[in-house]
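Colleague: In order, the protein sequence lines correspond to chains A and B.
Note that the UniProt record's numbering gives residue 181 to position 181 of the first sequence, counting from 1, and the numbers run on in steps of one.
Note that the UniProt record's numbering gives residue 227 to position 227 of the second sequence, counting from 1, and the numbers run on in steps of one.
Derived by calculation from the structure, the hints in this document are not laboratory data.
None of the values given here were measured: they were computed from a predicted structure.
Hints are supplied without guarantee of correctness; some may be wrong.
Taking lysine-lysine pairs in the DSSO-like style, the calculated list, with each CA pair at most 27 Å apart, reads [what the hints assert, rightly or not]:
{"#": "1", "chain 1": "B", "residue 1": "Lys118", "chain 2": "B", "residue 2": "Lys219"}
{"#": "2", "chain 1": "A", "residue 1": "Lys8", "chain 2": "B", "residue 2": "Lys238"}
{"#": "3", "chain 1": "A", "residue 1": "Lys11", "chain 2": "B", "residue 2": "Lys118"}
{"#": "4", "chain 1": "A", "residue 1": "Lys164", "chain 2": "A", "residue 2": "Lys187"}
{"#": "5", "chain 1": "B", "residue 1": "Lys118", "chain 2": "A", "residue 2": "Lys8"}
{"#": "6", "chain 1": "B", "residue 1": "Lys33", "chain 2": "A", "residue 2": "Lys164"}
{"#": "7", "chain 1": "B", "residue 1": "Lys26", "chain 2": "A", "residue 2": "Lys11"}
{"#": "8", "chain 1": "A", "residue 1": "Lys187", "chain 2": "B", "residue 2": "Lys26"}
{"#": "9", "chain 1": "A", "residue 1": "Lys8", "chain 2": "B", "residue 2": "Lys132"}
{"#": "10", "chain 1": "B", "residue 1": "Lys238", "chain 2": "B", "residue 2": "Lys118"}
{"#": "11", "chain 1": "A", "residue 1": "Lys8", "chain 2": "B", "residue 2": "Lys219"}
{"#": "12", "chain 1": "A", "residue 1": "Lys11", "chain 2": "B", "residue 2": "Lys132"}
{"#": "13", "chain 1": "B", "residue 1": "Lys219", "chain 2": "B", "residue 2": "Lys238"}
{"#": "14", "chain 1": "B", "residue 1": "Lys219", "chain 2": "A", "residue 2": "Lys11"}
{"#": "15", "chain 1": "A", "residue 1": "Lys187", "chain 2": "B", "residue 2": "Lys118"}
{"#": "16", "chain 1": "B", "residue 1": "Lys118", "chain 2": "B", "residue 2": "Lys132"}
{"#": "17", "chain 1": "A", "residue 1": "Lys164", "chain 2": "B", "residue 2": "Lys26"}
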Amino acid sequence: MTARQLSKIAKRVGFWALIVLIMVYAVFPFYYAVITSFKPSSELFRVELWPSTWHLGNYAQVLTQSSFLRAIFNSIVVAVSVVFIALLLGITASYALGRVRFRGRSTVLLVILGVSMFPQVAVLSGLFEVIRTLNLYNNPAGLILSYTIFTVPFTVWVLTTFMKQLPMELEEAAIMDGATPWITITKVFLPLMWPAMATTGLLAFIAAWNEFLFALTFTLTDTQRTVPVAIALLSGGSAYELPWGPIMAASVVVTVPLVVLVIIFQRRIVSGLTAGAVKG
Amino acid sequence: MTTSHSSAPVGARTAPLTARRSRGTKVRRQRVKAAWLFLTPMLVALALVAGWPLFRTFFLSFTDASLSDLGTANFIGFENYLVHDNGRWFGIMADPVWWQSVWNTVYFSVVAVSLKVKFGVIVALILNAEFKGRTIVRAAVLIPWAIPTIVSAQMWAWMLNDQFGIINHMLMGVGVIDDPIAWTASATYSMWAVIMVDVWKTIPFVALLVLAALQMLPKDCYEAAEVDGIHPVRVFFKVTLPLVTPALMVAVIFRLLDALRVFDVIYVLTSNSTSTMSMSVYARQQLVEFQDVGYGSAASTLLFLIIALATVAYIYAGRKQLQLGGDA
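Isolated chain A, as found in the complex (with noise of 0.2 Å):
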């Protein structure tokens, strides 16, 4: 054994601790919250790693409670909807954007970067009283048009990048054949961009999914709310008393499916994100 061999040795075990550390970093809040999420109240002071006992209860009264389940139906229809639009308004404005060369393009694309680094907070007032006039305050309508304002530049700006890939001879073949841009969006290229509307769309869905200032403050009572709102204001009695069990057994019912699909979609997730390169 020289010193050459163990230091390689050495290397390859401090390589293997890292990942492993990396590996806990990542997912050992919400295995924990898996584990806390099974432990009756009166266990809760008990720290350990793995649970003694599987308790169903804090599922059973999350999943009872009506205004829960108001808000994971709530939550699915604003996100659905968001990334319908946001989709449908990206689709035809990426072809335009991605495809056409025509003057003031660059300051559309500029005003789309600006929209998307826009703070929420800034149009909070004056979106709220947009709410209120079209009468959607405290409607999950409200939300799904307030969303547009951070998924429709994400989704265009994204759209464009892959639009701009695909092979111009497709496009100049069907308009040699006098198809028209629209023929031309919905029969060339939109079989063609379906990867791409896959990615934007998870992207849309999650952000929709998860968003809270505007859905703390477009709503009022219980069965409007969205899943983000219902969790932050799962309190108990008392700012001291908080129901942890529930808080972490509704927290992983929100958050499952969300991790099924990060799984799943990985590599789109992944190249979306880095096409994007604009909001996380």
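With chain A's structure known, arrange chain B on it following the hints.
Modeller: Just chain B now, with coordinates in the frame of chain A:
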């Protein structure tokens, strides 16, 4: 893998069209018209949810509007910002809590972003190495990113709980601290708790950006360095780091802009405590809890101006990096 620096030869597209000039221009004109038609819905939507509300926020910041009665606001000039009355200064600019929140936000942004960039680079370097199970590790690293901020704040609030939290338990077990720390309640530690949660949540994003840049690096410099027997650490600082700097700068800027508007982590973890209050939390508190739309709008406007200045500075400094969407 796609990145922001696509270099599709778009300029070549028009060449065959110019051959048949008359038809080419007609098609071109039709396409430009269609382009604007297609852009209209998006522009209308953005005007409705971004442009007009932003304008109204500016406007309301010069009034005494209240949340319950937005219609009957009076114009009061700069009174929400700063006013001298009876020998004393009033308005946001004279509010120590506002300046505290500005300082908190800047402190939070700088510390959190520099931490997540450092850790993000390390994670990216690890993920860039070839090893068994890399996909699993990459999926695991993505998990914090996918978890809603509210949920991660709650999860960490529980881990940081002063009585039953596992973090105090472990630190006491190792002997680092003797008494449990009230992480989220104490003025000294609450900012660190917030930073800890935020860093945990956004490392994946930075790591993925850097990883994408790493995977596009030319392999031959590394082979050359290996042949010359140069130490890997030296290779990292002399070759890798300069090459990924552009990607890193993009990540830093966007993370900074994102951090400056931070709201949910702080709101859930420490609610309205002044020791961690950010500008967004301050503005929302004035706007919704104190119902003072005029004053809250003024705070929002100041926040917007700060971020707009940072953005404009970045766009001018980094024009070249925006070529993705710029003139192709």
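Colleague: Next step is simple, just say for each hint if it's right about the structure.
Modeller: Results of checking the hints against the structure:
Among the hinted pairs, lysine 118 of chain B with lysine 219 of chain B is consistent with the structure: their alpha-carbon atoms are about 23 Å apart, no more than 27 Å. For the proposed pair lysine 8 of chain A and lysine 238 of chain B, the alpha carbon gap of about 23 Å is at most 27 Å, so the pair holds. With a CA separation close to 21 Å, the supplied pair lysine 11 of chain A and lysine 118 of chain B stays within the 27 Å bound. Restraint check: the Cα-Cα separation between lysine 164 of chain A and lysine 187 of chain A comes to about 17 Å, which is no more than 27 Å; the hinted pair holds.
Taken as a hint, the lysine 118 of chain B and lysine 8 of chain A pair is honoured in the structure, with Cα atoms around 26 Å apart against an allowance of 27 Å. At most 27 Å may separate the alpha-carbon atoms for a hinted pair to count; lysine 33 of chain B and lysine 164 of chain A meet this at roughly 19 Å. Of the supplied pair hints, the one linking lysine 26 of chain B and lysine 11 of chain A is violated, its CA atoms being roughly 66 Å apart against a limit of 27 Å. Proposed proximity of lysine 187 of chain A and lysine 26 of chain B is supported: the alpha carbons are some 22 Å apart, at most 27 Å.
A hinted pair counts as satisfied when its Cα atoms are at most 27 Å apart, and lysine 8 of chain A with lysine 132 of chain B qualifies at roughly 18 Å. The hinted pair formed by lysine 238 of chain B and lysine 118 of chain B meets the criterion: a straight-line CA distance of about 17 Å does not exceed 27 Å. With a C-alpha separation of about 23 Å, the suggested pairing of lysine 8 of chain A with lysine 219 of chain B holds against the 27 Å cut-off. Restraint check for lysine 11 of chain A and lysine 132 of chain B: the C-alpha separation of about 16 Å stays at or below 27 Å, so the hint holds.
The straight-line distance between the Cα atoms of lysine 219 of chain B and lysine 238 of chain B is roughly 15 Å, inside the 27 Å bound, and the hint therefore holds. Straight-line distance between C-alpha atoms of lysine 219 of chain B and lysine 11 of chain A comes to about 22 Å, which keeps the hinted pair within the 27 Å bound. For a cut-off of 27 Å, the pair hint linking lysine 187 of chain A to lysine 118 of chain B is broken: about 46 Å separates their Cα positions. Proximity of lysine 118 of chain B to lysine 132 of chain B is assessed by CA-CA distance (about 25 Å); at most 27 Å being required, the pair is judged to hold.
At most 27 Å may separate the alpha-carbon atoms for a hinted pair to count; lysine 164 of chain A and lysine 26 of chain B meet this at roughly 22 Å.
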